[in-house]
Amino acid sequence: MFSNFLEKIIKPLEKIAHTSTAAINLGTELEGDHLDLQTSSPAETPRPHPGKKIDRYGQQVDGYWVVGECQDSPDAYRQRIVKYYTPEGLRISESDSPWYTREPNDLSIITRDNVRERVFCPMQAPEDPSAICELIQTASQGNVDNFLTAIFSMGWVVGCLQAWHKERQTGDRSFPLLNLYGAGSRSAREMALSLIGSEWMSLAVSAKDLDREGINQLVKTGSHLGSLAIAIDSSVPYDNISIEELRDMIRALYHRDAIQLKSEIDRVHSGILIFSAQPCCGYGEDTELQKYVIQCPVFTETEALVPMQLLEKASASFPRFIALGWQSDGIAEFEQSLCHRLEATPETQLKMGKLADLAIVGHYARVLLEMANTNASILDWLVKKNQDRNPTVTAANW
Numbered sequence: 049m050f051s052n053f054l055e056k057i058i059k060p061l062e063k064i065a066h067t068s069t070a071a072i073n074l075g076t077e078l079e080g081d082h083l084d085l086q087t088s089s090p091a092e093t094p095r096p097h098p099g100k101k102i103d104r105y106g107q108q109v110d111g112y113w114v115v116g117e118c119q120d121s122p123d124a125y126r127q128r129i130v131k132y133y134t135p136e137g138l139r140i141s142e143s144d145s146p147w148y149t150r151e152p153n154d155l156s157i158i159t160r161d162n163v164r165e166r167v168f169c170p171m172q173a174p175e176d177p178s179a180i181c182e183l184i185q186t187a188s189q190g191n192v193d194n195f196l197t198a199i200f201s202m203g204w205v206v207g208c209l210q211a212w213h214k215e216r217q218t219g220d221r222s223f224p225l226l227n228l229y230g231a232g233s234r235s236a237r238e239m240a241l242s243l244i245g246s247e248w249m250s251l252a253v254s255a256k257d258l259d260r261e262g263i264n265q266l267v268k269t270g271s272h273l274g275s276l277a278i279a280i281d282s283s284v285p286y287d288n289i290s291i292e293e294l295r296d297m298i299r300a301l302y303h304r305d306a307i308q309l310k311s312e313i314d315r316v317h318s319g320i321l322i323f324s325a326q327p328c329c330g331y332g333e334d335t336e337l338q339k340y341v342i343q344c345p346v347f348t349e350t351e352a353l354v355p356m357q358l359l360e361k362a363s364a365s366f367p368r369f370i371a372l373g374w375q376s377d378g379i380a381e382f383e384q385s386l387c388h389r390l391e392a393t394p395e396t397q398l399k400m401g402k403l404a405d406l407a408i409v410g411h412y413a414r415v416l417l418e419m420a421n422t423n424a425s426i427l428d429w430l431v432k433k434n435q436d437r438n439p440t441v442t443a444a445n446w
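Using this note's numbering, you'd call the opening residue of the sequence shown number 49 and step up by one each time.
Simulated from the structure, these hints should not be mistaken for lab results.
Wrong hints could be hidden among the right ones.
To be verified - Capping the alpha-carbon separation at 27 angstroms, the derived lysine-lysine pairs in BS3-like fashion look like this:
hint: 1; residue 1: K339; residue 2: K432
hint: 2; residue 1: K433; residue 2: K339
hint: 3; residue 1: K433; residue 2: K399
To be verified - For each label pair, taking beta carbons as the anchor points, the in silico distance ranges come out as:
hint: 4; residue 1: M356; residue 2: R389; range: 34 to 44 angstroms
hint: 5; residue 1: Q185; residue 2: A380; range: 24 to 34 angstroms
hint: 6; residue 1: R166; residue 2: A352; range: 24 to 34 angstroms
What you are looking at is a predicted structure, and each value in this text was computed from that prediction instead of being measured.
Glycine residues also receive a C-beta, built at the ideal position from the N, C-alpha and C atoms.
Construct the entire structure; sequences and hints are all you get.
Below, the structure written as structure tokens:
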């Protein structure tokens, strides 16, 4: 029965090494001895590297970064290389990194159809600190509300990149999910994911609806991504999953708890962006999903805010984003201002989500605007969007 695929209660798992974190159980029919042996990875060629082979793209367990880069060569062939960064955003050589990988697309998962599928590695443009400025300044010339929605979404992505630092400074690994929905939300999603890499939007089709198969693949893929963002492109309401099951799954993803599939245990290390026509939390006023998901509607249809070539260049500023770190003072100041303007508390459920989570995303969105010297206020925009302080307001009232 579908209702058995997700337990209602998150309970400790004794088999997780070196952790006492609670886990949620997602049952799956895929058994290890049913896998097609022909899909197994070929044996690795030994290489003289003192470090460990990565088990995820993006940020590793010790804070170091491993991502890819596309470089144009004289023969017009786009060469793909692996690049390495310290937790503070300093680029280092492979020999100086405690991690290595053979190639930019070296990791894979087994799908429910017993097919080995590659996990996409973010392929970034060659470093250019000014790329983010050109992107934001160009986008600011379009529809103001859609522009600030895109900036807010980009702030969410940059906030995701600081999750490792947040956990070490605060002991809290939680991070809100983001639900972009409405006719104009595609442009916001494209701008947000462009900060990670020009090919990163491919992840939006690898994990689809939040049904049994989609959740299974989401967990497997998300366990191979460190402090990044994975998008779920869901075009229909989730009418085949109960609100209890969805709530428990969303809670586990928010807290980044270990999640048990039938044959394995995984932990999603990435941020979750839900891209949909309708709000994912449209189950009524008492679902509690707003505690974990920031809902961001974009009802105005619009052409792309920026040309494709700028989206492809945006990731050139990636080192600037990861160098920001967890800016607790700035986040606290933004939260205080938002609380004062809305006469709210950090736990208040606003129209877009929990105020404390909105402050994290809002702060990093503000930082991006400051990078580009753009005269716009994300604080004013958030206040306007959340002016009705009634915590029971639903997305249908927008």
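Mind listing which of the numbered hints don't hold for this structure, in increasing order? Violated hints: none at all, because every hint is consistent with the structure.
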